[in-house]
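J.: Now for the letters of each chain:
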Amino acid sequence: MSTDPMLRLRVEDFLYGYAAALDEERFDAWPAFFVQPQCRYEVLSRENVDLGLPVPIMSCYSHGMVCDRVAMLIKDTLTYRHMHLLRQVSNVRATRQADGRIDCRAGLTVFQSDEEGVSSLYIVARYEASLVEAGETFQISQMRVVVDSYGIDTMLAVPL
Amino acid sequence: MSTDPMLRLRVEDFLYGYAAALDEERFDAWPAFFVQPQCRYEVLSRENVDLGLPVPIMSCYSHGMVCDRVAMLIKDTLTYRHMHLLRQVSNVRATRQADGRIDCRAGLTVFQSDEEGVSSLYIVARYEASLVEAGETFQISQMRVVVDSYGIDTMLAVPL
Amino acid sequence: MSTDPMLRLRVEDFLYGYAAALDEERFDAWPAFFVQPQCRYEVLSRENVDLGLPVPIMSCYSHGMVCDRVAMLIKDTLTYRHMHLLRQVSNVRATRQADGRIDCRAGLTVFQSDEEGVSSLYIVARYEASLVEAGETFQISQMRVVVDSYGIDTMLAVPL
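Those protein sequences? They're chains A, B and C, same order as listed. Counted the way this note's numbering counts, the first sequence spans residues 1 to 160. Counted the way this note's numbering counts, the second sequence spans residues 1 to 160. Counted the way this note's numbering counts, the third sequence spans residues 1 to 160.
If we strip away everything but chain A, and leave its shape as in the complex, we get:
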């Protein structure tokens, strides 16, 4: 998987902005990261991916479903154990495909901190995304978040 350095830099900026929006709980900004009207967002367990089983833990198959996913978070009507999250996007690789799409891969670790200031590892995962150019930045055509850590804390109240 060869990488154009400047392309990778731009993809990193995009993913860092994506992570910052979620870390800062600006959930109303999340849908704008996705292509309208057709896009796909899936959280899958590593186990299923390795076995070739297609069922995701969570998924959105259209931009409307992406909006739905965060509607209750935006209205703040969802009750869940609230944690402060820090998303670390690591080892980003990006390749432009023949059709112009950008195929990108990255590691993702998420650390959670509770209201008492106690931090722990929350999620270990990988981003596998297909991006399209959108002006100076990108939009997500398809994003798969393949999680290695699905055995504990599987509560996914917020997007990854």
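These aren't lab readings, by the way, just hints derived from the structure by calculation. All residues carry an ideal CB built from backbone N, CA and C; glycine is no exception.
Anything over 12 Å on all C-beta distances counts as not near chain C; from chain B, calculated:
hint: 1; residue: P54
hint: 2; residue: M65
hint: 3; residue: M155
Calculated lysine to any residue pairs in the SDA-like style (CA-CA distance at most 25 Å, straight line):
hint: 4; chain 1: A; residue 1: K75; chain 2: B; residue 2: E47
hint: 5; chain 1: A; residue 1: K75; chain 2: B; residue 2: V49
hint: 6; chain 1: C; residue 1: K75; chain 2: C; residue 2: Y61
hint: 7; chain 1: A; residue 1: K75; chain 2: B; residue 2: L51
hint: 8; chain 1: A; residue 1: K75; chain 2: B; residue 2: G52
hint: 9; chain 1: B; residue 1: K75; chain 2: B; residue 2: V35
hint: 10; chain 1: A; residue 1: K75; chain 2: A; residue 2: S62
hint: 11; chain 1: B; residue 1: K75; chain 2: B; residue 2: E42
hint: 12; chain 1: A; residue 1: K75; chain 2: A; residue 2: R26
hint: 13; chain 1: C; residue 1: K75; chain 2: C; residue 2: G64
hint: 14; chain 1: C; residue 1: K75; chain 2: A; residue 2: L51
hint: 15; chain 1: C; residue 1: K75; chain 2: A; residue 2: R46
hint: 16; chain 1: B; residue 1: K75; chain 2: B; residue 2: P159
hint: 17; chain 1: C; residue 1: K75; chain 2: C; residue 2: M58
hint: 18; chain 1: A; residue 1: K75; chain 2: B; residue 2: R46
hint: 19; chain 1: A; residue 1: K75; chain 2: B; residue 2: D50
hint: 20; chain 1: B; residue 1: K75; chain 2: C; residue 2: R46
hint: 21; chain 1: B; residue 1: K75; chain 2: C; residue 2: E47
hint: 22; chain 1: B; residue 1: K75; chain 2: C; residue 2: L51
Guided by the hints, dock chains B and C onto chain A, whose structure is given.
T.: Positioned in the frame of chain A, the structure of chains B and C alone reads:
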């Protein structure tokens, strides 16, 4: 928050050098990362920042205080539970402001390892810094380290 | 340690590709990352390095030994507690030496996830490598993996 890729690369180099100096316990190199004579270094809890409360966990309001902060570490006269630290600076974003200053944000996770070689998560935090150009590199005009993990291991013997 | 930004970008791509090959358990791809016939790969404890003691935890002193190291992994005849690993390469710094070699340093954290999907911190370490140009990419002339975490989970069935 838009980012100039080359600016971000330079800021990353600066922050990686800053982290390396601290990881390698070259505390005498720490003050040179800051602007003289006026600069500010603060470690704040996420809780206080979110509530708009200004009191930091630790702070230096001048270059002299920055020097003071590490004086005993340099002389090796401070008694504290010594741990080997690895600072991971992640998701760096940098923007040049109208006045020429560089506003930068980054994630910070610090892993600690004791003398027996047992490692654990020590700190989850964010850097919020204002940098000024200094030749090919930068100096810190203001740095806020906002820590999510203040509930355990709050001993801050060394700078973050 | 001054850094050429474009050199660092290329070194990052190289290390990310190296980490991906190991994360994806393509062990047959590992030897090609090293210079033939003379190269060196060592895993050392931080404790020994700090005390100036030369004995590594594991080492390969030639390309043949590098091939040997993964032979049983490639044939899948090694019995070990299988974990899914995510390697995070962080804070990469790279400098070209007078002899053309590239001296690089990076942080490494490895997270392990078991078959039940439970994740934990596995290794905290540092890469200290000497690379040589090989077309558009690099090869490893010498790599030292200095591990802070050698007190638990010291089983090193797979390369770092």
